[in-house]
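Please work from the sequences and hints to get the whole structure.
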Amino acid sequence: MNIEHFAHETGQAVRRYEYDDHSMLAVDFGPRSEATVDLVGGTVIVVDGGDQYELELPDDAGDAHTFMKNGVLTIELEADL
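Heads up, the sequence shown is in the working numbering, so the first residue is 179 and it goes up one at a time.
Derived by calculation from the structure, the hints in this document are not laboratory data. Be careful, since some hints might not be right.
[As the list claims (entries may be wrong)] Derived DEER-like restraints, expressed as beta-carbon distance ranges:
hint, residue 1, residue 2, range
1, Ala191, Glu232, 15 to 23 Å
2, Gly227, Asp198, 35 to 43 Å
3, Asp199, Gly228, 31 to 39 Å
4, Asp198, Gln230, 31 to 39 Å
5, Glu256, Arg210, 29 to 37 Å
Beta carbons: idealized from backbone N, C-alpha and C, even for Gly.
Laid out in structure tokens, this is it:
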């Protein structure tokens with residue numbers, strides 16, 4: 179599922195930030211969340227308790243980096259320069 183569909187389906191707020199050399203997506207799972215994240219190819223896999231979400235990155239996404247801190251998933255996408 180893509181990020182927009184995930185946000186609509188789960189009611190999660192997804193914010194996108196654009197910079198000159200990269201863009202960033204942030205999803206707040208809540209401060210009590212113990213979610214973990216992994217990146218496999220073009221898919222971000224989030225496991226939160228008994229739920230698992232597979233989020234497809236855009237086809238034109240450059241290198242991606244993901245991390246989870248205090249219940250906030252951050253996906254950084256490098257621009258293709």
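Which of the listed hints are broken here?
Going through the list in order, the structure violates no hint and respects every one.
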